[in-house]
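From first to last, the protein sequence lines stand for chains A and B.
Quick note: the first sequence uses the working numbering, first residue 439, plus one each step.
Quick note: the second sequence uses the working numbering, first residue 65, plus one each step.
Heads up, a few of these hints could be off.
Stated by the list, open to error - Partial chain B-side listing against chain A, Cβ under 7 angstroms, derived:
#, residue
1, 92
2, 98
3, 103
4, 107
5, 108
6, 112
7, 113
8, 156
9, 166
10, 170
11, 171
12, 175
Simulated from the structure, these hints should not be mistaken for laboratory data.
Predicted model, so just to flag it, every value in this text is computed and none were measured.
All C-beta atoms, glycine included, are put in the ideal place defined by N, C-alpha and C.
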Amino acid sequence: NAGVTQTPKFQVLKTGQSMTLQCAQDMNHNSMYWYRQDPGMGLRLIYYSASEGTTDKGEVPNGYNVSRLNKREFSLRLESAAPSQTSVYFCATRRGAQPQHFGDGTRLSIL
Amino acid sequence: QKEVEQNSGPLSVPEGAIASLNCTYSDRVSQSFFWYRQYSGKSPELIMSIYSNGDKEDGRFTAQLNKASQYVSLLIRDSQPSDSATYLCAVNSPRYNQGGKLIFGQGTELSVKP
């Protein structure tokens, strides 16, 4: 998806390791979001940032931290990875009440 | 009650038929509604937006919104095997900061059989 870039695309971690998922957008959108998607669970919001300098918890924030580095970048950090955090992670951006635009996702496995 | 509810499916229709996907939402102040399509292993992609009561057509897709009954639906005419995917309903909740956030339903899996 042009406009919203997520890195890495795939990652395997061991329990207890830490890592940061990166998201960058060139769409000049104010709002950015992190979701996780698990089979049968739909998209669940982890954290979001309505504008540069602000972040808010979503439905499932435990075990995660975020940083809105600037308008373009919104990172998600797992401080001590757990097998329950194995999932597909999507970053999304949005302008006002317009639709969200999603990145391609990061597939994360924690052993 | 979930904020946005969809039938999980799978919904199976023959090629050429009309597929009907339904979504209900609980927040009466919701103002904008979206349908996303998600192929297996891919990210959600927007296919329809609807903001006012009634029907909105785009090619083979028609979105229908009834705010009084708090439901939104998506009709796919002349369904094709390439329409086989999971369809996500998303509703804008203005209760949250600065323009709101989208609340997603669980998704309905559609299978179009040749």
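Going through the hints against the structure:
The closest approach between the C-beta of residue 92 of chain B and any C-beta of chain A is roughly 16 angstroms, which is over the 7 angstroms cut-off, so the hint fails. Checking residue 98 of chain B against chain A by beta carbon gives a least distance of about 5 angstroms; that is within 7 angstroms, so the hint holds. Because the beta carbon of residue 103 of chain B sits about 12 angstroms from the nearest beta carbon in chain A, more than 7 angstroms, this interface hint is broken. Against a cut-off of 7 angstroms between C-beta atoms, the interface hint on residue 107 of chain B holds, since the closest Cβ of chain A lies about 4 angstroms away.
Given hint, residue 108 of chain B at the interface with chain A, holds; its Cβ is 5 angstroms from that chain's nearest Cβ, closer than 7 angstroms. Checking residue 112 of chain B against chain A: minimum C-beta separation of about 9 angstroms lies over 7 angstroms; hint violated. Satisfaction of the interface hint for residue 113 of chain B is found here, the shortest Cβ-Cβ separation to chain A being roughly 6 angstroms, below the 7 angstroms cut-off. Residue-level restraint check for residue 156 of chain B holds (minimum Cβ-Cβ distance to chain A is 6 angstroms; threshold 7 angstroms).
The beta carbon of residue 166 of chain B comes within 6 angstroms of a beta carbon in chain A, closer than 7 angstroms, and the hint placing it at the interface holds. With its C-beta approaching chain A no nearer than about 4 angstroms, residue 170 of chain B sits inside the 7 angstroms limit, and its interface hint holds. Contact between residue 171 of chain B and chain A, as hinted, is supported at the beta carbon level, the nearest pair being about 6 angstroms apart and thus within 7 angstroms. Given the 7 angstroms rule on beta carbons, the hint for residue 175 of chain B is violated: about 17 angstroms separates it from the nearest Cβ of chain A.
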